[in-house]
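2 protein chains.
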Amino acid sequence: MSITIGVFDSGVGGLTVVRELKRLLPAQPLIYFGDTARTPYGTKSQETIIQYAREDTRFLLERGAGILVIACHSAASTATSTLRQEFSEPIFEVITPSIEQALALTKRKIIGLIGTRATVTSGVYEKAIHARMPDTKVYSQACPLLVSLVEEGWLKARESRMIVKKYLRPLKNRQIDTLVLGCTHYPLLKQTIQEKIGKNVKIVDPSAEIARAVYSYLESKNQLSEKLHGRGDRFFVSDLTPTTQEVVQRFLGTRVQFEKTSLSCRD
Amino acid sequence: MSITIGVFDSGVGGLTVVRELKRLLPAQPLIYFGDTARTPYGTKSQETIIQYAREDTRFLLERGAGILVIACHSAASTATSTLRQEFSEPIFEVITPSIEQALALTKRKIIGLIGTRATVTSGVYEKAIHARMPDTKVYSQACPLLVSLVEEGWLKARESRMIVKKYLRPLKNRQIDTLVLGCTHYPLLKQTIQEKIGKNVKIVDPSAEIARAVYSYLESKNQLSEKLHGRGDRFFVSDLTPTTQEVVQRFLGTRVQFEKTSLSCRD
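Sequences listed follow chains E and H, in order.
The opening residue of the first sequence carries number 185 in this note's numbering; numbering runs sequentially from there.
The opening residue of the second sequence carries number 185 in this note's numbering; numbering runs sequentially from there.
Derived from the structure by calculation, the hints contain no laboratory data.
Remember, predicted model here, so these are calculated numbers, not experimental data.
Just so you know, not all the hints are guaranteed correct.
To be verified - Looking from chain H toward chain E, a few residues come up when the C-beta cut is under 8 Å (computed):
id, residue
1, Ala221
2, Gly250
3, Lys293
4, Arg301
5, Leu333
6, Asp423
7, Thr427
What the hints assert, rightly or not - The list that follows gives simulated cross-link-like pairs (lysine to any residue, SDA-like), each with its CA atoms no further than 20 Å apart:
id, chain 1, residue 1, chain 2, residue 2
8, H, Lys411, H, Thr188
9, H, Lys444, E, Glu231
10, H, Lys321, H, Arg345
11, E, Lys340, H, Arg353
12, E, Lys350, H, Met346
13, H, Lys444, E, Glu343
14, H, Lys444, E, Ala341
15, H, Lys380, E, Ile234
16, E, Lys340, H, Arg345
17, E, Lys380, E, Leu408
18, E, Lys444, H, Lys411
19, H, Lys349, E, Arg342
20, E, Lys350, H, Arg353
21, E, Lys321, E, Arg268
22, E, Lys380, H, Glu343
23, E, Lys380, H, Ala341
24, E, Lys380, H, Arg342
25, E, Lys374, E, Tyr401
26, E, Lys350, H, Glu336
27, E, Lys350, H, Arg345
28, E, Lys444, H, Glu231
Quick reminder that beta carbons are idealized off the backbone N, C-alpha and C, glycines included.
In isolation and in its complexed conformation, chain E is listed as follows:
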């Protein structure tokens, strides 16, 4: 019996994580839930994000997920400890693996982080980095506009390049040598980010890191699926607009058959 991976995100950005998971674990069954009816999470309060993450988790577990991946950085930084207390299934999140990677890469021990306001405010990255390597300096920058720029598809636009530069300037001034992309949307701007922060700064893309962590876990438990079974992966969203597929194409490089579901109150 294969373990099903349940992945949730505030929207469809978490499909960057799915892409990496499928690259490493093509036969492992997967269920995705994107809370597109309440997206984004990154501008909302901790209390609200925790409540949403709890509902998302319950949805995936009810549909057979055996391990959980929090693809949303805002939810990962805010809700992980609560979810681990409330649910017994193993819960992976995008933050820890990218921190490990950043610590492995940094030479000068000066790490930068960019993310949503919720992620940056949580201070989770700083705490986790200092717990492992107390003399490391961590500088964070909230970049609220980048999600909108990616969803608008302005990946190479001059305006986007200027905005990226403006957000990264304080981190550049701090001479960071490693930069963590603390939001599922940012890898799509990676080229511009690399250019503006400088080519010597190493960029950590959490999607790749978390896929490796999940792979190791399943391997250690001898539960890697080697053959595809059943009906295949399922992709749920709480809202579906005419532009959803267009955005998905950007994240996943392919289209997906979505099933629409609702977590909100019935009358």
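Put chain H on the given structure of chain E with help from the hints.
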């Protein structure tokens, strides 16, 4: 007995409408609901926006609103006809008064509209304008990034000016002579918008228009309040973050005492 005005919006942008209402109707009791836990509406599907608008309406009516103002353009353009079928209270929305004003102002009968994707996709402005003046040309442009720019507080930033210019270029090429600001956030960028669209183009700010419409209605029913009664206006939101007050200051020019409420499901 004074009629209480109930105003809802997807977030706090609708406070621009409140500001105008209080200017004309300082003593009229008012309840506001901002659905900050699910904001924004403008990127979501029609079905979801209608459901949210229904819940917002019910919330305000249960708390004593006697007339309703839909301050959110995405909800106004998508949900008004459904709400009017389902509720018997008079429902005002931001669109009709601004269309009347645009038709009064346009000389060449070429009107431009900017708004969220939901507002533009709805086609409501075009339909309403053509119903009144069939030979008028209407050109619409979705400007999804402007809401984020306003919430980030980049009102005069160079990046914002470039983005406004980029969005307005197609409308400028069409030689519109009147531009409707179809989103509560846009009046904060009015100066930049005026500069980029050209000083001869007349700009219609719906907040001022809807306040006039509500005033006329109450006056015609002889229900204008002349003295302040009771506990005063109440402001509800479904989520409250550390930056909410900062954003509110931008819209209203003053702070507000918010009461947090929840429309979402209980466990």
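Q.
Are any of the numbered hints broken by this structure? If so, which, sorted upward?
A. The structure breaks hints 2, 3, 10, 13, 14, 15, 17, 18, 20, 21 and 25; every other hint is satisfied.
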